[in-house]
Amino acid sequence: MKINLAYEKEIVAIILYTSAFFIIMSVVLVLFFYFSRKKIIQQEIEKKDLEIQYQKELLSAVIITQEEERKRIAQDLHDDISSKLNIVSLNSHLLTTPNLSENEINEITANIINLTAKALDNSRKIAHGLLPPVLEKFGLDAGVEELCLEFSSSKAVTVNYENRTQFAIADNDRHLHVFRILQELMNNSLRHGKAISISILFEEKNGLRSCHYTDNGIGFDMKNDTNKKGLGMKNIESRVAFLDGSITIDSAVNKGVSVVFNF
Amino acid sequence: MNQILAYIGYLILLLNLILFFISFPNQGKAYKFFVLYLGLVFVVQIWAEILIQQKCNNLFLSHFYFVGQFVILSLFYEKILKEEYQKRIVKIGFIIGLLVLAIQYSTDVSLFIKFNLFEIFLTSFILIVFASFHFYNLLNEKKEFYYINMGILMYLCGSTILFLTGNLAIMLHSKFNKMPWILNSFLYIIYQVFILVEWKKSFSNKIRQ
Numbered sequence: 001m002k003i004n005l006a007y008e009k010e011i012v013a014i015i016l017y018t019s020a021f022f023i024i025m026s027v028v029l030v031l032f033f034y035f036s037r038k039k040i041i042q043q044e045i046e047k048k049d050l051e052i053q054y055q056k057e058l059l060s061a062v063i064i065t066q067e068e069e070r071k072r073i074a075q076d077l078h079d080d081i082s083s084k085l086n087i088v089s090l091n092s093h094l095l096t097t098p099n100l101s102e103n104e105i106n107e108i109t110a111n112i113i114n115l116t117a118k119a120l121d122n123s124r125k126i127a128h129g130l131l132p133p134v135l136e137k138f139g140l141d142a143g144v145e146e147l148c149l150e151f152s153s154s155k156a157v158t159v160n161y162e163n164r165t166q167f168a169i170a171d172n173d174r175h176l177h178v179f180r181i182l183q184e185l186m187n188n189s190l191r192h193g194k195a196i197s198i199s200i201l202f203e204e205k206n207g208l209r210s211c212h213y214t215d216n217g218i219g220f221d222m223k224n225d226t227n228k229k230g231l232g233m234k235n236i237e238s239r240v241a242f243l244d245g246s247i248t249i250d251s252a253v254n255k256g257v258s259v260v261f262n263f
Numbered sequence: 001m002n003q004i005l006a007y008i009g010y011l012i013l014l015l016n017l018i019l020f021f022i023s024f025p026n027q028g029k030a031y032k033f034f035v036l037y038l039g040l041v042f043v044v045q046i047w048a049e050i051l052i053q054q055k056c057n058n059l060f061l062s063h064f065y066f067v068g069q070f071v072i073l074s075l076f077y078e079k080i081l082k083e084e085y086q087k088r089i090v091k092i093g094f095i096i097g098l099l100v101l102a103i104q105y106s107t108d109v110s111l112f113i114k115f116n117l118f119e120i121f122l123t124s125f126i127l128i129v130f131a132s133f134h135f136y137n138l139l140n141e142k143k144e145f146y147y148i149n150m151g152i153l154m155y156l157c158g159s160t161i162l163f164l165t166g167n168l169a170i171m172l173h174s175k176f177n178k179m180p181w182i183l184n185s186f187l188y189i190i191y192q193v194f195i196l197v198e199w200k201k202s203f204s205n206k207i208r209q
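Protein chains in written order, with UniProt numbering: chain A, 1 to 263; chain B, 1 to 209.
Simulated from the structure, these hints should not be mistaken for laboratory data. As the structure is a prediction and not an experimental result, all values here were calculated from the model. Be careful, since some hints might not be right.
[To be verified] Pairs of lysine to aspartate or glutamate residues, derived as DMTMM-like cross-links and limited to a Cα-Cα distance of at most 25 angstroms, are as follows:
no., chain 1, residue 1, chain 2, residue 2
1, B, K175, A, E8
2, A, K71, A, E145
3, A, K39, A, E51
4, A, K38, B, D108
5, A, K71, A, E146
6, B, K143, A, E51
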């Protein structure tokens, strides 16, 4: 009986040890899995972070160079027009030469008046389109207001603009992007959407500024990818990304477009 | 001692069954299979307990338990595994496993009244393979049935040996023969706790919505 007991004890011990062995094996397996997963996820996150970092840098580079280019063009045009104005000035000096016939004087004056008017008009139009001076001097609110006036004055569209927040001039670098987004959206509404009414609203909730933009144009099909791949839309998206904001675009055929973005 | 541990295990099982049942709507098929599994296990446990009270042999229930577990968990893994080749392996393993068992039972019916070692080995082994597949998939994916899978893997690894020695343990008469079953009850509690943790982490917040 005693031998039998010792024997049984041995068997139970074997059973328990074998089972314990397998349990520990499974725990080791689970731990192995756990740490492998952690490592893999960590690496993936790092990879994604790098990608995002790279994309952001690329975006900002693109946007910055674009802005610089625009400024340069504005300057170039301005200089160009200035040189034309020089000719006008020369013409004016011609007027002071003695013994000019009535005809000659008339011709020169007409020339001067004509050239000045053209140069003035052109310079204003071009410089304005490239970098609205109002925006730089008086901030986003005034800039957008002027933009709306310009669009309204074309008689093709009525623009309702409402601002329920304040914009600091110090943030103008960021506001320029907002301005450009609106410019792009309005151009799109007019050109592609054939909209006759546009409304823009700025508001601030919990320190988060958002802009609501709607038009009553022909809209587009959200499911159609070609609309998303346009350079204009991409540009808007990069600008919103640059502002660390988010954008939601909602549209359907013949239902107009509604865009909300924050910055 | 064994009784208390076993009852604690049943209690958590019942709790899991109720909790998983509450979150039942709007869940995927895999989830529904898992609830079915919990239900089956619970019914088998209660049935076994009733037979013990009536001093009847309840060993034939082990076949319901192992085969039922095999069938439902195979379906469960078939649903949660992502890769096509894994799904195919699950289907093939499932069919071959059932086929082999059917042949075995048709040749030897007496297996029905004791622990069928081959059945235990085959069903557990195949399920461990499926669980490993799922772990492999989870390596770089969102956690899905993460804790349940951990629980299944650990419980199957530990308990399979205990069940395999079941026939032997019955022949032992000393006080030691309870030891494996105490260990099994203990493992079972851990298993159920893992399932409970899964419910807490993945499904409890869906009730409030």
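**Message:** Of all the hints numbered above, which does this structure not satisfy? Sort the numbers upward.
**Reply:** 4
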